[in-house]
Amino acid sequence: MSTAGLSSYNNPYGDDHVIDACSIFGVMDTTGQCFSGQGAINAIASMHDRGNGLGGGFAVYGCYPEFSDWYALHVMYMEAGVRADVEGYLAGHFHLQVAEEIRTRHTRAVGEPPQLWRYFVSVDEFASPGQSPDDYVVQQVMRINTRFNGTFVFSSGKNMGVFKGIGYPEDVADFYCLDDYRGYIWTAHGRFPTNTPGWWGGAHPFSLLDWTVVHNGEISSYGINRRYLEAYGYQCTMETDTEVMAYAIDLLLRKHGLPIEMAAAVLAPPLWSEIERDPSPRARLLRSLRQVYPCLLMNGPFTIIIAHEGEMIGLTDRIRLRPLTAATRGSRIYLSSEESAIRLIEPQLDRVWTPLGGEPVIGRVNNVSLGQQAPSLGVSVA
Amino acid sequence: MKSYLASRFHIERDPARCIQCQVCVRQCGFEVHSYEVEDDEILSDSSRCVGCHRCVVFCPTGALTVRENPLSYRLNANWRPEAIEDTIKQAETGGVLLTGMGNDKPYPVYWDHLVLNASQVTNPSIDPLREPMELKTYIGAKPDRLEIDPRTSEVTTPMPPQVAIQVPIMFSAMSFGSISLPVQKSLARAAEQAGTLFNTGEGGLHRDLYAYGNSAVVQVASGRFGVDADYLSAGRMIEIKVGQGAKPGIGGHLPGEKVSPEVAATRMIPIGSDAISPAPHHDIYSIEDLAQLIYALKEATQYTKPVGVKIAAVHNVAAIASGIARAGADYIAIDGLRGSTGAAPKIIRDHVGIPIELALAAVDTRLRQEGIRQRVSVIAAGGIRNSADVIKAIALGADAVYIATSALVALGCHVCQMCYTGKCSWGIATQNPYLNRRINPEIGARRLGNLLLGWSHEIQEMLGGMGINALESLRGNRLHLRAVGLTEAEMRVLGVRPAGE
Numbered sequence: 200m201s202t203a204g205l206s207s208y209n210n211p212y213g214d215d216h217v218i219d220a221c222s223i224f225g226v227m228d229t230t231g232q233c234f235s236g237q238g239a240i241n242a243i244a245s246m247h248d249r250g251n252g253l254g255g256g257f258a259v260y261g262c263y264p265e266f267s268d269w270y271a272l273h274v275m276y277m278e279a280g281v282r283a284d285v286e287g288y289l290a291g292h293f294h295l296q297v298a299e300e301i302r303t304r305h306t307r308a309v310g311e312p313p314q315l316w317r318y319f320v321s322v323d324e325f326a327s328p329g330q331s332p333d334d335y336v337v338q339q340v341m342r343i344n345t346r347f348n349g350t351f352v353f354s355s356g357k358n359m360g361v362f363k364g365i366g367y368p369e370d371v372a373d374f375y376c377l378d379d380y381r382g383y384i385w386t387a388h389g390r391f392p393t394n395t396p397g398w399w400g401g402a403h404p405f406s407l408l409d410w411t412v413v414h415n416g417e418i419s420s421y422g423i424n425r426r427y428l429e430a431y432g433y434q435c436t437m438e439t440d441t442e443v444m445a446y447a448i449d450l451l452l453r454k455h456g457l458p459i460e461m462a463a464a465v466l467a468p469p470l471w472s473e474i475e476r477d478p479s480p481r482a483r484l485l486r487s488l489r490q491v492y493p494c495l496l497m498n499g500p501f502t503i504i505i506a507h508e509g510e511m512i513g514l515t516d517r518i519r520l521r522p523l524t525a526a527t528r529g530s531r532i533y534l535s536s537e538e539s540a541i542r543l544i545e546p547q548l549d550r551v552w553t554p555l556g557g558e559p560v561i562g563r564v565n566n567v568s569l570g571q572q573a574p575s576l577g578v579s580v581a
Numbered sequence: 059m060k061s062y063l064a065s066r067f068h069i070e071r072d073p074a075r076c077i078q079c080q081v082c083v084r085q086c087g088f089e090v091h092s093y094e095v096e097d098d099e100i101l102s103d104s105s106r107c108v109g110c111h112r113c114v115v116f117c118p119t120g121a122l123t124v125r126e127n128p129l130s131y132r133l134n135a136n137w138r139p140e141a142i143e144d145t146i147k148q149a150e151t152g153g154v155l156l157t158g159m160g161n162d163k164p165y166p167v168y169w170d171h172l173v174l175n176a177s178q179v180t181n182p183s184i185d186p187l188r189e190p191m192e193l194k195t196y197i198g199a200k201p202d203r204l205e206i207d208p209r210t211s212e213v214t215t216p217m218p219p220q221v222a223i224q225v226p227i228m229f230s231a232m233s234f235g236s237i238s239l240p241v242q243k244s245l246a247r248a249a250e251q252a253g254t255l256f257n258t259g260e261g262g263l264h265r266d267l268y269a270y271g272n273s274a275v276v277q278v279a280s281g282r283f284g285v286d287a288d289y290l291s292a293g294r295m296i297e298i299k300v301g302q303g304a305k306p307g308i309g310g311h312l313p314g315e316k317v318s319p320e321v322a323a324t325r326m327i328p329i330g331s332d333a334i335s336p337a338p339h340h341d342i343y344s345i346e347d348l349a350q351l352i353y354a355l356k357e358a359t360q361y362t363k364p365v366g367v368k369i370a371a372v373h374n375v376a377a378i379a380s381g382i383a384r385a386g387a388d389y390i391a392i393d394g395l396r397g398s399t400g401a402a403p404k405i406i407r408d409h410v411g412i413p414i415e416l417a418l419a420a421v422d423t424r425l426r427q428e429g430i431r432q433r434v435s436v437i438a439a440g441g442i443r444n445s446a447d448v449i450k451a452i453a454l455g456a457d458a459v460y461i462a463t464s465a466l467v468a469l470g471c472h473v474c475q476m477c478y479t480g481k482c483s484w485g486i487a488t489q490n491p492y493l494n495r496r497i498n499p500e501i502g503a504r505r506l507g508n509l510l511l512g513w514s515h516e517i518q519e520m521l522g523g524m525g526i527n528a529l530e531s532l533r534g535n536r537l538h539l540r541a542v543g544l545t546e547a548e549m550r551v552l553g554v555r556p557a558g559e
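Protein chains in written order, with our numbering: chain A, 200 to 581; chain B, 59 to 559.
Source of the hints: derived by calculation from the structure; they are not laboratory data. Since we're looking at a predicted model, the values are computed, not measured. Heads up, the beta-carbon is just placed ideally off N, CA and C, and yes, glycines get one too. Some hints could be false.
[Claimed, not checked] Chain A regions said to be covered by chain B (calculated; three or more residues, Cβ under 8 Å): (1) 411-421; (2) 457-464; (3) 477-488; (4) 498-511.
Given these sequences and hints, build the entire structure.
In structure tokens:
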């Protein structure tokens, strides 16, 4: 374990992993229609007391329709003077289409922001032969995060963006002018870190490519999750347990090609006794998943909302030690720590339920590939 | 030759309590006590006493006390009593000094310098009496990833043979010959009842134990004793024994007088002949030879059972383990410096090999660095005394542990280290039918089952305290360990941070 080396420049607060107890919220429109995030912002704001102002953030899908073919890199520079080096690096390793400062609004409640920049890039011939553009982007994100002091790529997907920082989520939304953005999925997070002052990189959502995770909980299995993922080249630079969740999902879904239902059975598997009782052929599948991926069982209390292009998934740990409420209304799906937050913005719901521990709630856009056919309602933010 | 050794123990008999019932006379395998008919008196020859307490425990009136003979040598930090006594013994015998059980020297016990974590506030601890708490473990090589047919949701990746154990604790190799048949029967029954495995050692599988084949690890050692097609197919797993923690680098020698008709039949050798296990396997002089034997055994059993390799923990253990993993083994058992034996040269038991904690950590780290940890299960052996040692071994990276001394202690062993004499008063390490009748397999299995049950409960409590409800989430999860009183270098090898950090 080479944690000392990584921590020295990537973990300014010297903690091992950040323990959270938080509010989470997600809403998606399964038609792929983009909509304003005001509802999501109001909903997460209503769960103000679940956070402590030391981190808030949002993931918005469908927000960059004009640039849907390019990877949108959101980069935070914690230290002055690094940006020129990083931009030089980016220019040497990507086709840089747009480089711009992310538009922010002066907000008193959000203190001491780092420099926040956005780059739309494409990979083209930069990837090594046989390496997919996605793999190349992951590799470069890991390099930038470890190589440049105080520099973090905190969003790296196509036609989506992560916006996060220190502050209550409603203040972070205000800071990033999120009222200007439209998306077909919004996930949101209000944070209550319990053992650090909180820092910009440690806020949620965590993301890699277009995968994002917002997380309420503490992962007691972090040590082995991390060691396992490091063997696959993931470098845990943010030093929070949510990061391993993001990388685990990337490994299972993107690299190993498992469908989300099976990935959920890895992260929050059924008990052995349930598997042994199951007479169907599914038992063999579940047993194999647990045998092969024991190191990715996320043990300890958690609720997560995972999103990526066209899909939003809610999942709790297998004995459901953190809350999650799901609801639908028309084409909208809601996931929230508290039902009241959903009712606040959508009083009339078609269905409201409490998912069982380890049972994923999956919302999918109706067979629309949003990468190719971007929703037209997005707003330019340049 | 007059012996210059003073007796090690001193026996005190309370004449007010002794009723001359002669229980002590009959119980002692070392013939310490004798009955003088004429005087109706029991005499005790303290010089023969090994300190096993059999007579003390069985004396119906509590008349006996055994004390260490308080010999006061002139203080000398260099020529300590053991050094003096060993020198005297060799001067009188001209032989290699033999001993039994594990290393008794005061090397650091790293388990005692590692402490465990528990949940407070930010995540709930889990109560194993009310919530599920999973200890089930699968031993066997795992593929790196699963391929699944998207149409049928069928797993298309071939899965190597897996063996489920309900507790991460197995009984380590103890051969019929080194221990008695009733002891092996106790181990076999307990393993079957607890859903774990016992290990035949290199002495073959007695015909009475074929019924327990599904709970047996059958060993293939350098002497190949008792190995045939039936033996291999009877076992649940096959283990190639390369080395043993108590005597790395050397072989074994069961003297002919211990090769009784039953032992002879089980080992497939003539009655009364010496059973010599060569130091190396003479068909394994290199890693590629080992690979051939692994695959020969897999072929012989149609790839239906895991084939593992047991090695002693030596300096280069991590690289050796990596080679074994690449040679196709399904599991690696590592036996540390404090691992036990039925008989070994004392000088080797006490000075060769490295502690299991460091070896285990180094192996797990190395296999992960090479990205091949999935390919093998790792079993830690040699010096596991309680459930805390088990759980710490799991956190350092072991899939499961082997226990032997703890199991024998559960059956009565008082660790007197005289196994090699064959006179065991507790009826464990002996082929003497008068002595080995003392172990009743049914009661023995109950004692062993209780031990496993007690440890399982404790492991579940500790896991639940950490907020973890499946053992796999602790496996290799060294963040749940902290070091107390270790050097930087030791912590680096263990991959553990100091307490407070």
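Against the structure, the hints come out as follows:
By the rule of at least three residues with a Cβ nearer than 8 Å to a Cβ of chain B, the coverage given for the region 411-421 of chain A holds, with 5 such residues. Closer than 8 Å: that is the beta-carbon criterion, and the region 457-464 of chain A has 3 residues meeting it against chain B, so the requirement of 3 holds. Proximity of the region 477-488 of chain A to chain B, defined as three or more residues with a beta carbon under 8 Å from a beta carbon of that chain, is established by the 6 residues found. Residues of the region 498-511 of chain A lying with their CB closer than 8 Å to a CB of chain B number 3, which satisfies the three-residue condition for coverage.
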